[in-house]
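K.L.:
Sequence:
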Amino acid sequence: MSTYRAVNVSAPARLAGPPDPRLAHLLRGLTLTGLVMVLLLPAAREHTQGLGWLPLWLVGMPLTAWWSLYRFRLPLGAGRQARSAAPPRRRRRGSQARRRKSSRSGLRTAA
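Using our numbering, the first residue of the sequence shown is number 1, and each one after it goes up by one.
Wrong hints could be hidden among the right ones.
Stated by the list, open to error - Derived Cβ-Cβ restraints for the label pairs, each shown as a range:
(1) Leu-51 with Pro-21: 26 to 34 Å
(2) Gly-29 with Arg-92: 51 to 59 Å
(3) Pro-18 with Thr-48: 30 to 38 Å
(4) Leu-32 with Arg-92: 29 to 37 Å
(5) Phe-72 with Ser-95: 55 to 63 Å
(6) Leu-69 with Arg-45: 22 to 30 Å
(7) Gly-17 with Gln-49: 37 to 45 Å
Worth flagging that the hints you see were computed from the coordinates, not collected in a lab. Cβ coordinates follow ideal geometry from the N, Cα and C atoms, glycine included.
Please construct the entire structure, taking both the sequences and the accompanying hints into account.
P.N.:
See below:
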């Protein structure tokens with residue numbers, strides 16, 4: 001009989017140290033280079049048959065890799081802080097609402 005243990009996915013992210021600074025520097029450079037290319041070169045904003053939409057590969061993918069290097073941490077914005085300060089909503093206790101019986105009894109018949 002095999003033993004299955006549930007693993008908390010966020011635990012390794014909290015325990016892991018900071019990412020490799022060389023890789024962070026490389027991804028930051030690729031992202032900024034791609035952004036400059038998309039902004040300054042019209043050819044970098046096109047769609048090609050082989051690669052598809054170039055801004056995705058020049059900006060989007062390096063930016064996603066850079067974000068994942070930091071283990072998908074999201075910046076804590078003002079809206080998120082306001083929600084966390086509010087008390088949690090309470091759920092009503094009791095049974096589920098019931099449907100009302102129709103005032104019309106039976107189906108209408110076509111004359």
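K.L.:
With respect to the beta-carbon atoms only, verify the hint that Leu-51 and Pro-21 lie 26 to 34 Å apart.
P.N.:
At roughly 30 Å between Cβ atoms, Pro-21 and Leu-51 fall inside 26 to 34 Å, so the hint holds.
K.L.:
Using the beta carbons of Phe-72 and Ser-95, state whether their distance is inside 55 to 63 Å or not.
P.N.:
40 Å, violated
K.L.:
Is 37 to 45 Å a correct range for the gap between the Cβ atoms of Gly-17 and Gln-49?
P.N.:
The hinted range 37 to 45 Å holds for Gly-17 and Gln-49, with Cβ atoms some 43 Å apart.
K.L.:
Is 51 to 59 Å right for how far apart the beta carbons of Gly-29 and Arg-92 are?
P.N.:
54 Å, holds
K.L.:
Can you tell me whether the CB distance of Leu-32 to Arg-92 sits inside 29 to 37 Å?
P.N.:
51 Å, violated
K.L.:
Honestly, do Leu-69 and Arg-45 meet the 22 to 30 Å range at C-beta?
P.N.:
26 Å, holds
K.L.:
Can you tell me whether the CB distance of Pro-18 to Thr-48 sits inside 30 to 38 Å?
P.N.:
37 Å, holds
In the structure shown, a violation is registered for the earlier hints numbered 4 and 5, in ascending order.
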